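Chemist: Here's the letter readout for the chains.
There are 2 protein chains.
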Amino acid sequence: MRNNLTLGFFGFGCVGQGLYHVLAETHGIKATIQKICVKNRNKIRPISSEIFTYEKSDILDNPEIDVVVEMIDDATAAFDIVKAALQNGKSVVTANKRMLAEHLEEIYQLQQRYGKPVLYEAAVCGAIPILRNLEEYYDNDLITSIEGIFNGSTNYILTKVFEERKNYADALKQAQELGFAESDPRLDVKGFDPKFKLAIAIAHTFGVFVKPDQIINLGIDKISEVDLKFARENGYTIKLVVRAFKENGKVYGLVAPQFLEPTNLLASVRNEFNAVIVQGAFSEKQLFVGKGAGSYPTGSAMLSDISALTYDYHYEYKKRKQKDSNTFSNDAVVEVLVSFNDKSLVSPQDFEDFKGGYQGHGNQYMNGFVGLEKLREWSALEGISIILTPQFNLVSRTHLKQRQPLVA
Amino acid sequence: MRNNLTLGFFGFGCVGQGLYHVLAETHGIKATIQKICVKNRNKIRPISSEIFTYEKSDILDNPEIDVVVEMIDDATAAFDIVKAALQNGKSVVTANKRMLAEHLEEIYQLQQRYGKPVLYEAAVCGAIPILRNLEEYYDNDLITSIEGIFNGSTNYILTKVFEERKNYADALKQAQELGFAESDPRLDVKGFDPKFKLAIAIAHTFGVFVKPDQIINLGIDKISEVDLKFARENGYTIKLVVRAFKENGKVYGLVAPQFLEPTNLLASVRNEFNAVIVQGAFSEKQLFVGKGAGSYPTGSAMLSDISALTYDYHYEYKKRKQKDSNTFSNDAVVEVLVSFNDKSLVSPQDFEDFKGGYQGHGNQYMNGFVGLEKLREWSALEGISIILTPQFNLVSRTHLKQRQPLVA
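Keeping their order, the protein sequence lines are chains D and W. Going by numbering that gives the first Met the number 0, 84 is the number at position 85 of the first sequence; the sequence numbering is gapless. Going by numbering that gives the first Met the number 0, 112 is the number at position 113 of the second sequence; the sequence numbering is gapless.
The set of hints was computed from the structure by calculation and includes no laboratory data. The model shown is predicted, which means the values in this text are computed figures rather than measured ones. Be aware that a few hints might be false.
Given that identical chains are not distinguished, each listed pair holds provided it fits within a single copy or across any two copies.
[Stated by the list, open to error] Derived DSBU-like pairs (lysine-lysine); straight-line CA-CA distance at most 30 Å:
hint : residue 1 : residue 2
1    : K115      : K320
2    : K284      : K159
3    : K115      : K29
4    : K354      : K373
5    : K172      : K284
6    : K165      : K284
7    : K354      : K29
8    : K55       : K165
9    : K29       : K320
10   : K29       : K284
11   : K115      : K317
12   : K249      : K29
13   : K342      : K172
14   : K38       : K165
15   : K228      : K210
16   : K55       : K320
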């Protein structure tokens with residue numbers, strides 16, 4: 000148990016400043032920020048300039064610094080920092096979900112090699128302590144699925160669209176003005192940001208390292224006014240939902256917008272809140288809701304990681320050790336409602352189990368089970384909107400053939 | 000890190016059998032049950048009789064047993080078992096909320112004296128990992144309040160009453176048949192069970208040991224058909240809610256039924272589910288929802304405690320060490336709607352801030368802020384139903400005088 004940690008920050012944007020204030024206001028742990036490395040020499044900084052440096056080596060090669068706190072935007076540069084920090088015997092705290100998702104297996108191996116931990120609670124659903132809970136609490140529970148709302152910006156946009164009947168463009172604009180959206184809004188609205196988080200969560204839930212490219216992500220950018228009308232008429236809301244489940248050693252996962260009945264637990268998760276539902280064999284259904292982004296909530300999660308370093312906490316990746324035979328697979332089908340204008344884009348033969356097609360609101364609709372690879376094809380085309388049906392019927396191909404519902 | 004723990008069980012009812020099965024089905028930890036001590040020699044047991052004993056000393060004085068798992072009903076006998084186990088150098092896992100609430104300070108001291116941990120995640124909201132999160136994750140966050148639905152039986156009853164328009168007596172009967180209710184249903188419907196859990200949660204949230212007698216608890220047993228009608232007409236539901244908050248070194252807490260707006264996060268927590276909302280200065284609002292009772296969810300939480308013992312986990316009671324100046328106080332007022340038949344029972348002078356009175360549905364109503372001690376007086380009388388208003392305006396007397404809302 001060490002009571003005084005010396006920290007070096009990389010980055011001093013929204014998250015860095017949040018953590019700075021959180022550290023100043025807390026009294027439970029003693030941690031001193033020795034240096035803050037930033038890129039832009041001309042930006043006016045809100046605190047005394049002496050603490051800033053423009054040289055990475057002032058932190059990475061500084062023997063007094065125990066912990067590197069990485070909070071920059073650029074995923075490639077961030078990974079280089081993490082690698083160098085571990086090589087130099089420093090622990091790392093980071094919230095960079097893209098960097099983590101793309102390099103998680105390497106980061107796992109680097110931790111083993113250099114014996115120093117990388118903690119990243121803030122990277123998955125901000126203030127929700129989901130990784131720590133997956134690592135610690137569910138270590139002996141047989142988890143069957145994890146799902147939720149892993150992106151606050153799109154949830155904010157969809158909440159505004161449904162509750163205030165805002166149009167899509169206005170809602171997106173408002174979210175960006177309030178600082179919720181990523182600096183590149185495509186990461187949010189196209190479902191990349193929640194996919195990065197899902198990839199990280201899958202490692203801690205099922206012990207599988209999956210590259211984000213493997214996971215199919217649909218966004219909310221193709222949702223049309225016609226879809227919104229359909230949802231309202233049926234009493235549904237739409238949320239951008241992630242889901243992964245395990246069956247016979249295979250892990251399946253997907254990011255996509257979904258119609259939700261009002262009784263669905265996720266339907267009541269509003270604005271910038273995130274949610275995670277973990278389904279375990281013994282604990283049954285568990286829901287966690289909290290702020291997924293923002294300066295203080297993210298800072299709070301990072302503070303918690305820094306605090307954990309005082310007692311030498313590290314992720315054990317227990318499930319990886321328990322069952323290293325799980326592999327990620329896209330050999331699954333999911334039930335969707337597809338809407339489109341141009342009849343040549345979609346045909347009943349595209350479905351593995353076609354349920355029906357009809358016309359309405361000047362649009363074509365088709366409903367049925369479709370393979371994930373077909374979903375990926377459609378998502379690359381303009382003029383097709385794909386929304387999952389309220390049941391989130393994502394099942395393995397084997398299951399569809401047996402005509403048995405997999406997950407209630 | 001020890002991989003094989005030897006366990007001695009006390010009790011083999013619903014929880015004991017749940018844990019037995021959970022242990023048999025999990026493969027992450029190795030723990031062997033050596034003996035199960037039960038009271039009733041004539042009961043037919045679902046597993047081989049050789050493992051059973053009727054002598055406490057077969058477990059407590061057995062040097063091979065590392066962990067005593069206490070799962071009996073009787074709080075006094077349970078405390079004796081816990082004490083003896085610690086004295087004999089054994090760790091303890093228990094789910095006995097009444098025993099814990101009544102003896103928590105002694106149990107804290109016994110742990111310090113004998114250097115062995117007592118873990119009790121299952122005692123507060125079953126499968127929800129709230130204690131571990133309060134201990135670990137929020138250790139440096141400044142928590143301002145904790146609230147939630149801490150009793151599954153009453154939540155089940157109220158859900159049935161509101162959603163299926165069941166009458167109160169039928170719903171209670173159904174809950175008991177399904178095994179949700181405590182063996183003594185008064186512990187549930189009069190709000191004692193959630194009070195025990197709140198007392199334990201307060202210790203881990205604010206570092207204060209409070210005897211359950213100090214916390215005022217109203218139940219759902221005095222709710223009348225008239226109250227239900229009032230709720231329905233106003234679009235409210237009613238939940239049995241607990242709440243504690245901190246202000247200027249004082250901790251205030253209460254268990255009471257409350258009218259809830261449909262947008263309240265707790266309103267959507269249905270059936271036997273429990274919920275906890277933690278409000279922190281940095282992490283902001285966090286919600287946890289999960290099963291609060293039942294054989295497997297409780298067993299799952301106890302399994303997690305057993306698993307934690309393999310790496311010598313113990314509660315640090317960090318907040319007690321951080322701020323031992325907090326004290327519990329009932330010097331607070333809360334906004335209520337009181338309904339009654341007999342005009343002599345309640346008068347406007349009983350309120351510290353009387354807002355209004357009226358008649359309807361053949362009943363008298365009064366609304367306003369009332370002191371907690373007056374609430375305690377009223378709760379002992381027949382013919383008065385007290386329900387908190389949707390805002391859960393529990394504020395210190397000082398605050399009421401300043402006419403400032405304390406908690407949003």
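Chemist: Look at each hint and say if it fits the structure.
Modeler: Consistency of the hints with the structure:
no., hint, result
1, K115 - K320, "both (18 Å within a copy, 29 Å between copies)"
2, K284 - K159, "both (28 Å within a copy, 20 Å between copies)"
3, K115 - K29, "both (20 Å within a copy, 28 Å between copies)"
4, K354 - K373, "within (16 Å within a copy, 63 Å between copies)"
5, K172 - K284, "between (35 Å within a copy, 25 Å between copies)"
6, K165 - K284, "between (33 Å within a copy, 26 Å between copies)"
7, K354 - K29, "neither (61 Å within a copy, 48 Å between copies)"
8, K55 - K165, "neither (45 Å within a copy, 67 Å between copies)"
9, K29 - K320, "between (34 Å within a copy, 15 Å between copies)"
10, K29 - K284, "between (37 Å within a copy, 25 Å between copies)"
11, K115 - K317, "both (17 Å within a copy, 25 Å between copies)"
12, K249 - K29, "between (44 Å within a copy, 25 Å between copies)"
13, K342 - K172, "neither (32 Å within a copy, 57 Å between copies)"
14, K38 - K165, "neither (38 Å within a copy, 65 Å between copies)"
15, K228 - K210, "neither (36 Å within a copy, 55 Å between copies)"
16, K55 - K320, "neither (35 Å within a copy, 38 Å between copies)"
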